[in-house]
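> Chain by chain, the residues run as shown.
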Amino acid sequence: MGIPIEYYLVLSAFMFIVGVVGVLVKRNAIMVFMSIELMLNSANLTMVAFSSFLGNSVGQLFVFFVMTVAAAEAAIGLAIIIAIFRNKQTLNIDEINILKW
Amino acid sequence: MSLQIILFIIFGTISAVSSVLMMTGRNLIISALFMILNFAALAGLYLLLNAQFIAVVQVIVYAGAIMVLFLFVIMLLKPENEKKFLEANPSIKIFALIIGAVIFFQLVYLIFSSTPANLNNASVAASVKAGTIEEIGKQLYTNYILPFEAAGFLLLAATIGAFVLAKKKFE
Numbered sequence: 008m009g010i011p012i013e014y015y016l017v018l019s020a021f022m023f024i025v026g027v028v029g030v031l032v033k034r035n036a037i038m039v040f041m042s043i044e045l046m047l048n049s050a051n052l053t054m055v056a057f058s059s060f061l062g063n064s065v066g067q068l069f070v071f072f073v074m075t076v077a078a079a080e081a082a083i084g085l086a087i088i089i090a091i092f093r094n095k096q097t098l099n100i101d102e103i104n105i106l107k108w
Numbered sequence: 234m235s236l237q238i239i240l241f242i243i244f245g246t247i248s249a250v251s252s253v254l255m256m257t258g259r260n261l262i263i264s265a266l267f268m269i270l271n272f273a274a275l276a277g278l279y280l281l282l283n284a285q286f287i288a289v290v291q292v293i294v295y296a297g298a299i300m301v302l303f304l305f306v307i308m309l310l311k312p313e314n315e316k317k318f319l320e321a322n323p324s325i326k327i328f329a330l331i332i333g334a335v336i337f338f339q340l341v342y343l344i345f346s347s348t349p350a351n352l353n354n355a356s357v358a359a360s361v362k363a364g365t366i367e368e369i370g371k372q373l374y375t376n377y378i379l380p381f382e383a384a385g386f387l388l389l390a391a392t393i394g395a396f397v398l399a400k401k402k403f404e
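So the protein sequences, as listed, match chains Z and E.
Just so you know, this note's numbering puts 84 at position 77 of the first sequence, and the rest follows in order with no gaps.
Just so you know, this note's numbering puts 281 at position 48 of the second sequence, and the rest follows in order with no gaps.
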């Protein structure tokens, strides 16, 4: 293999950190969702890299399942966002606190 | 420099820069478009890793289906201005950046100090074989048939759940 696996892992770590910072900083619910998708993708990159370097296809199977879960999560999450927006007319997660005690 | 290294630099730079631009952008639609660029670059990286099936699925499912869903919702709802909060509370931004930098350097240190050296002289033939749809399908329908069925059920539940949640009225 031409490229050392460390490069892929560092790239994936960088994307994961960008996702973490986005979740912490952003206040728009859709942006928070997209940051979560970014974190899922960086985990996928790690799994594909290890699977390819180990010559074992099980890592790519897990990526397949992660994609399934991400699709389900996006559908449900966006439906929840639409329902919340219909009730509160906002997407700011500081103002959506109906579950807060 | 071999072609592999050049392609890795191109795709890696595109995915890293587009993720940062997605996070710093103010407009939600532009952020979503950078996200699609990021996913496309990731598909290129998967091809570089000999994972053909995952690369195709990445383009179809992520860059296609999921991001279209996101764009639909962004265009349905009125995007809000992100700027106000950061100007009012710059401390949380600094805090998040410090936390992110610390975790990133920790991860880089761990990656470079603990990756086994023999991983990097893996055989290309085994890696190509692991990424074919034949090998993945064989695993999926023999050893991992139960998780596969569970994933199908999860998608069904998500479809019904999205219908119920986005319906006009609960009755």
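Since the hints were made in silico from the structure, they are not lab data.
Incorrect hints may appear among the rest.
Claimed, not checked - Straight-line Cα separation of at most 27 Å, DSSO-like style, residue types lysine-lysine; simulated pairs: (1) K95(Z) with K107(Z); (2) K311(E) with K326(E); (3) K371(E) with K311(E); (4) K95(Z) with K311(E); (5) K107(Z) with K371(E); (6) K311(E) with K107(Z); (7) K362(E) with K107(Z); (8) K95(Z) with K362(E).
Stated by the list, open to error - Derived CB-CB ranges, DEER-like: (9) L309(E) with K107(Z): 38 to 48 Å; (10) L309(E) with P11(Z): 16 to 26 Å; (11) V357(E) with K107(Z): 47 to 57 Å; (12) G370(E) with V76(Z): 17 to 27 Å; (13) D101(Z) with T365(E): 26 to 36 Å; (14) A350(E) with T97(Z): 22 to 32 Å; (15) T97(Z) with I336(E): 50 to 60 Å; (16) V250(E) with K107(Z): 43 to 53 Å; (17) L309(E) with F72(Z): 23 to 33 Å; (18) I366(E) with K107(Z): 17 to 27 Å; (19) T365(E) with K107(Z): 27 to 37 Å; (20) I332(E) with V73(Z): 44 to 54 Å.
We put the beta carbon where it would ideally sit given N, CA and C, even for glycine.
> Take the hints in turn and mark each one as holding or not.
Hint-by-hint comparison with the structure:
| no. | hint | result |
| --- | --- | --- |
| 1 | K95(Z) with K107(Z) | holds (15 Å) |
| 2 | K311(E) with K326(E) | holds (25 Å) |
| 3 | K371(E) with K311(E) | violated (46 Å) |
| 4 | K95(Z) with K311(E) | holds (13 Å) |
| 5 | K107(Z) with K371(E) | violated (47 Å) |
| 6 | K311(E) with K107(Z) | holds (25 Å) |
| 7 | K362(E) with K107(Z) | violated (51 Å) |
| 8 | K95(Z) with K362(E) | violated (52 Å) |
| 9 | L309(E) with K107(Z): 38 to 48 Å | violated (26 Å) |
| 10 | L309(E) with P11(Z): 16 to 26 Å | violated (45 Å) |
| 11 | V357(E) with K107(Z): 47 to 57 Å | holds (54 Å) |
| 12 | G370(E) with V76(Z): 17 to 27 Å | holds (20 Å) |
| 13 | D101(Z) with T365(E): 26 to 36 Å | violated (48 Å) |
| 14 | A350(E) with T97(Z): 22 to 32 Å | violated (53 Å) |
| 15 | T97(Z) with I336(E): 50 to 60 Å | violated (31 Å) |
| 16 | V250(E) with K107(Z): 43 to 53 Å | violated (37 Å) |
| 17 | L309(E) with F72(Z): 23 to 33 Å | holds (29 Å) |
| 18 | I366(E) with K107(Z): 17 to 27 Å | violated (47 Å) |
| 19 | T365(E) with K107(Z): 27 to 37 Å | violated (50 Å) |
| 20 | I332(E) with V73(Z): 44 to 54 Å | violated (25 Å) |
When the structure is compared with the earlier hints, violations turn up for hints 3, 5, 7, 8, 9, 10, 13, 14, 15, 16, 18, 19, 20 and for no others.
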